[in-house]
Amino acid sequence: MDTLFYIQQCSSTNDEIINLLKSHDGIRELTLYTFDQTKGRGQYGNTWDTAPNQNLAFSMALLQNEVSQSDTLFNFHTANILRDFIAKKTETKVEVKWPNDIIIHHKKVSGMLIEKKKIGNNVYFIVGIGLNLLQRNFQNLPKAGSILTQTKKEFDLENWTKEMHAFFLEKVFEPVSSEEILDQYHHFLFKKDEVSVFEIGKIRQNGIIKKVDEQGYLWIDLENEGLKRFYHKEIKLLY
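Residue numbers (my numbering): 2 to 240.
No lab work stands behind these hints: they were computed from the structure.
Even glycine gets a Cβ: it sits at the ideal position worked out from N, Cα and C.
Check each hint, because a few of them may be wrong.
With a Cα cut of at most 20 Å, we get these calculated EDC-like pairs of lysine to aspartate or glutamate [to be verified]:
id: 1; residue 1: Lys-172; residue 2: Glu-67
id: 2; residue 1: Lys-163; residue 2: Asp-37
id: 3; residue 1: Lys-90; residue 2: Glu-155
id: 4; residue 1: Lys-234; residue 2: Asp-214
id: 5; residue 1: Lys-109; residue 2: Glu-96
id: 6; residue 1: Lys-212; residue 2: Glu-180
Have a look at the derived ranges for each label pair, beta carbon to beta carbon [unchecked claim]:
id: 7; residue 1: Ala-145; residue 2: Glu-224; range: 40 to 48 Å
id: 8; residue 1: Lys-23; residue 2: Asp-3; range: 14 to 22 Å
id: 9; residue 1: Glu-180; residue 2: Phe-6; range: 30 to 38 Å
id: 10; residue 1: Ser-69; residue 2: Lys-234; range: 39 to 47 Å
id: 11; residue 1: Asn-160; residue 2: Leu-239; range: 34 to 42 Å
id: 12; residue 1: His-106; residue 2: Asp-26; range: 38 to 46 Å
Please take these sequences and the hints and turn them into a complete structure.
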């Protein structure tokens with residue numbers, strides 16, 4: 002059975018796939034995508050703005066009891082898979098910015114939002130991915146880029162989507178250990194072991210990203226305070 006579904010336009014693939022799941026009760030995996038998403042959501046209430054027919058909005062629903070990782074490690078696991086796929090396709094250095102943004106040459110090309118939803122008697126992870134593929138202009142978004150702007154390579158949207166879906170299906174249910182997930186995540190963690198500028202509240206401070214842990218915290222060695230841990234939105238990486 003083909004589990005990859007296309008919709009010409011929608012407000013949010015994460016919302017739309019929930020309706021699709023209601024008619025596919027108990028299915029292990031289901032994926033919905035569009036090249037024209039009008040009201041995408043990002044992490045913690047942020048929006049994901051995307052130009053029509055230049056980028057991909059992709060939501061994959063996965064039966065929770067088929068996933069072997071904790072919620073936090075699954076977040077890192079899916080970020081690793083997406084990073085691996087983009088690196089393989091583009092033959093370019095690709096990094097993960099904590100918790101799950103994809104960075105190429107210091108620009109964000111992709112973001113991920115993972116939600117957990119109960120549909121009927123089953124609980125699903127909804128893995129929502131926004132990926133800038135062909136967009137050239139990012140007015141008022143100085144930290145954003147696309148696969149095209151960052152690699153100078155142009156890909157067919159449809160072929161990219163089908164290959165990405167197949168890659169995820171091959172990798173996402175694998176019983177990967179927490180050590181393997183964290184090792185890979187650390188290997189490609191953006192700004193790890195580099196002096197960076199962070200904002201905590203209204204205060205700017207130098208620090209060095211050291212690691213993430215199984216609970217999802219980011220550990221930073223701050224210039225004035227030493228080693229401290231932070232959850233998402235408690236600290237902002239400026240540069």
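Against the structure, the hints come out as follows:
no.	hint	result
1	Lys-172 <-> Glu-67	holds (13 Å)
2	Lys-163 <-> Asp-37	holds (17 Å)
3	Lys-90 <-> Glu-155	holds (11 Å)
4	Lys-234 <-> Asp-214	holds (16 Å)
5	Lys-109 <-> Glu-96	holds (10 Å)
6	Lys-212 <-> Glu-180	holds (13 Å)
7	Ala-145 <-> Glu-224: 40 to 48 Å	violated (29 Å)
8	Lys-23 <-> Asp-3: 14 to 22 Å	holds (18 Å)
9	Glu-180 <-> Phe-6: 30 to 38 Å	holds (35 Å)
10	Ser-69 <-> Lys-234: 39 to 47 Å	violated (28 Å)
11	Asn-160 <-> Leu-239: 34 to 42 Å	holds (37 Å)
12	His-106 <-> Asp-26: 38 to 46 Å	holds (44 Å)
Hint compliance for this structure: hints 7 and 10 are not met, and every other hint is.
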